[in-house]
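The chain contents come next:
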Amino acid sequence: MKKLILSLFVFAFGYQIYSQTYNTFEPSKTQFMLRGYGHTGFEYMDSNDETESTFLGLTYAPIFLYKHSDRLMFEAELEFKLEGNELEIGLEYADVMYVLNKNMTVRAGKFLLPFGTFMERLHPAWINRLPNAPLGYGHDGIAPSSGIGVELRGAFDLGGPRLNYSIYSTNGPRINDGSEEPEEAGILQFENFEDNNLAKAYGGRIGILPFSDSSAEIGFSAYSTSGTGEEDSQYEDVGAFLFALDFSYVKPISPLKGIVDIKAQYNNSNVDTATFIEVHEDGDAEEYSFDNQSNSFYAQLSYRPTMAENDFMKKLEFVGRYSDFNAPEGAEWEEASVQYAFGINYWLSWRSVVKLSYQTTETEGGHDGSGITNTDGLFIHWAIGF
Amino acid sequence: MKSINKITVAIASILVILITIVACSSTKEVYTPVPETEVVDSDQEFKLEKSGAQLWGEVCNRCHIAPSPSDYNDTDWETISLHMRVRANLTEKESNKILDFLKSAN
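Residue numbers (UniProt numbering), protein chains in the order written: chain A, 1 to 386; chain B, 1 to 106.
No false leads were mixed into what you were given.
If you want the footprint, here are the derived chain A segments under chain B, 3+ residues with CB under 8 Å:
| hint | region |
| --- | --- |
| 1 | 94 to 106 |
| 2 | 120 to 133 |
| 3 | 155 to 162 |
| 4 | 346 to 353 |
Calculated lysine to any residue pairs in the SDA-like style (CA-CA distance at most 20 Å, straight line):
| hint | chain 1 | residue 1 | chain 2 | residue 2 |
| --- | --- | --- | --- | --- |
| 5 | A | K314 | A | D261 |
| 6 | B | K103 | A | R71 |
| 7 | A | K251 | B | C60 |
| 8 | A | K251 | B | G52 |
| 9 | A | K29 | B | E92 |
Hints in this document: simulated from the structure, not taken from any laboratory. C-beta atoms are modelled at their ideal positions from N, C-alpha and C, and glycine is treated no differently.
Using the sequences and the hints given, assemble the complete structure.
So this is what it looks like as structure tokens:
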């Protein structure tokens, strides 16, 4: 009996030693991955009589991927950013997805909204060909970036052409009523984590890739809600309808010895007219309203001479972008801006790029006043995806 | 704006129903499968299927530079493929072919 126990003990112990010495494990069905991206750099801005320059602290955006099975996955992205001497932490998205069949996937949680393609697919620093987003995106932008809700999405192969779709419902935006920030009265805020009313937002996108080589994609997105204000407030029934048109064309062109990449998106926001209160310096209050329609547009062209004979040239990319943004006339945040951006990128690898960019922006109105402001900026950014 | 919202909800509902019907119906074989020995149509005979390598070059480059297969192992590529299939709205065939290529080339 003792020999038997001793034999079993030696076998079990020996197996453990062997297993730890030699890699014998099989990959499990459940997998966890940490991916993400980050960027750092230097910026110089010259705006009328004001100049400033600063090195940028690293922005770090880890992405957590938890693959539960071949159909079920959890994904989340955090963003750590040094802004105004403070560390800002944001949850870009955190959702669970399940592949129902080959044409349908359901997602629930906080997910990037397929309103056009820029915010969902192109905004990460290692993907975006320029150091910042076009006008109309980000803080005070009109394009929603993420939402909390549920989404159905998928793609169909049409025997050459392809079609992809997305339909979703989210908490929707909340309108800034101006009680705390009078200068932003009427702006839609899409960070609506806890719904402020019973109205949900409904939206979707349809994308068509007409050519079999997937070089071109045309997309139409819509986003609608019947209420954006606080429940039982005068803004409860202020609805909104937004739509976007997007275009993409990416193709290697032999005569040009490189890859041409064209991206464009038009966003339009139409919010029901509402009455807001403006308090003057002498204390008098005045009611006002305006036609709350905004739009923005960008078009970007980039070229990588990937077929060049020189190795250095192969890693270069030349990019130019036009963007504009028009905020409603009569609003405190009335604005008409136009921006031109030019850049040269050097790709250290497929996921690491150094960007040198010059941007010039002409802004009429905006938060800073009613005059015209010209802002020139020089950016050197280094982005890496992992 | 309320009418626009109602129209949007109605369109979304109809789309969900239609997509569900089409997507679910495509997973079942309604007709008797054609035997492999069946003589194929002459047009079909010369229809070439794209390789995973070709799709890798075409599909990934739509947003970012196509990744190097050697940067991740097979298990990692399976996780990344599922993530990208949903994120970039790829078809199942595209996703599987690209995954097979990445696993074979790393």
